[in-house]
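Student: Model the full assembly from the supplied sequences, consistent with the hints where possible.
Numbered according to the working numbering, the sequence shown spans residues 10 to 234.
Any given hint might turn out to be false.
Said to hold, decoys possible - Simulated DEER-style distance windows between Cβ atoms:
no., residue 1, residue 2, range
1, Arg31, Gln127, 27 to 35 angstroms
2, Lys82, Ala170, 46 to 54 angstroms
3, Thr76, Leu146, 16 to 24 angstroms
4, Thr76, Gln23, 29 to 37 angstroms
5, Gln59, Asp174, 21 to 29 angstroms
6, Glu207, Asp87, 33 to 41 angstroms
7, Gln59, Asp87, 34 to 42 angstroms
8, Ala170, Arg84, 42 to 50 angstroms
9, Lys130, Arg84, 31 to 39 angstroms
10, Asp87, Arg31, 37 to 45 angstroms
11, Ser173, Cys203, 38 to 46 angstroms
12, Tyr115, Thr167, 36 to 44 angstroms
13, Asp148, Gln57, 21 to 29 angstroms
Stated by the list, open to error - With a Cα cut of at most 20 angstroms, we get these calculated DMTMM-like pairs of lysine to aspartate or glutamate:
no., residue 1, residue 2
14, Lys21, Glu183
15, Lys21, Glu41
16, Lys208, Asp192
17, Lys218, Glu207
18, Lys21, Asp192
19, Lys89, Glu69
20, Lys82, Glu69
21, Lys73, Glu41
22, Lys171, Asp153
23, Lys21, Asp148
24, Lys19, Asp192
25, Lys19, Glu182
26, Lys171, Glu182
27, Lys171, Asp44
28, Lys66, Asp87
29, Lys130, Asp148
30, Lys66, Asp44
31, Lys21, Asp174
32, Lys19, Asp199
33, Lys19, Asp148
34, Lys73, Asp87
35, Lys130, Glu110
36, Lys226, Asp199
37, Lys32, Glu182
In case anyone wonders, no lab produced these hints; they're calculated from the structure. Glycine is no exception: its CB is placed at the ideal position from the N, C-alpha and C atoms.
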Amino acid sequence: MPRSIPAPFKRKFQQQLLRWYRKNGRELPWRETTDPYSILVSEVMLQQTQVDRVVPKYHEFLSKYPTLQALAKARARDVKKTWYPLGYNIRPVQLHSIARETVAHYGGQLPSSDEALQSFKGIGRYTSGAIRSFAFLQDAPILDTNVRRVLLRVFLGTPRAKPSDKRMWALSEELLPRGRTYDFNQALMDFGACICSEKTPACPRCPMKGFCKAYSKDVKKEDRR
10 MPRSIPAPFK
20 RKFQQQLLRW
30 YRKNGRELPW
40 RETTDPYSIL
50 VSEVMLQQTQ
60 VDRVVPKYHE
70 FLSKYPTLQA
80 LAKARARDVK
90 KTWYPLGYNI
100 RPVQLHSIAR
110 ETVAHYGGQL
120 PSSDEALQSF
130 KGIGRYTSGA
140 IRSFAFLQDA
150 PILDTNVRRV
160 LLRVFLGTPR
170 AKPSDKRMWA
180 LSEELLPRGR
190 TYDFNQALMD
200 FGACICSEKT
210 PACPRCPMKG
220 FCKAYSKDVK
230 KEDRR
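Tutor: See below:
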């Protein structure tokens with residue numbers, strides 16, 4: 010993978026991705042708000058859980074615990090009961106703990122710095138980046154399985170390559186269109202889920218196919234047959 014993406018290549022990727030997102034972005038309830046608490050709840054729920062399972066539980070959870078303060082005051086067993094049946098039951102415990110720590114140490118306002126967010130158990134680099142870009146509108150990169158796959162295919166030519174996490178995070182950050190990170194990061198996730206999927210990528214209708222290295226390799230293979 011090149012150490013730096015040529016400016017025209019980067020600009021083309023940004024433009025095509027944002028254009029695709031304007032027409033095809035998914036309508037999801039947590040995209041109707043920039044409330045940090047709501048974004049936190051959605052991101053913790055989305056860890057290891059499919060979107061269609063999260064949507065109804067997201068509404069239910071926020072209806073019962075509409076603020077960080079309300080969640081902090083709740084009993085842990087009630088929080089876990091509300092969370093059921095999403096699974097990975099450490100998540101509601103950690104979410105409850107985040108609420109209580111936020112009330113105790115941050116005046117009930119979720120902090121916006123990467124360092125502070127990652128100090129909470131249950132918030133790693135990806136979740137911190139998502140909260141900072143979607144709630145606080147910071148130019149923060151994200152890198153999950155879908156995003157990694159898109160970047161590996163377009164810029165390296167294969168999703169099976171194993172560049173370091175450090176390099177992939179640097180690439181994700183390098184590609185950010187400053188001031189438009191909210192839409193860009195949402196677009197990356199949708200694109201990885203809907204077009205550049207793991208097993209059946211929709212290459213024929215992909216807006217990146219004109220410069221995607223993986224698509225170019227596949228076309229050359231077909232030409233040699």
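Student: Please name the hints from earlier in the document that this structure breaks, with their numbers sorted from lowest to highest.
Tutor: Violated hints (numbers, rising): 7, 9, 11, 15, 16, 27, 29, 31, 36, 37; every other hint is consistent with the structure.
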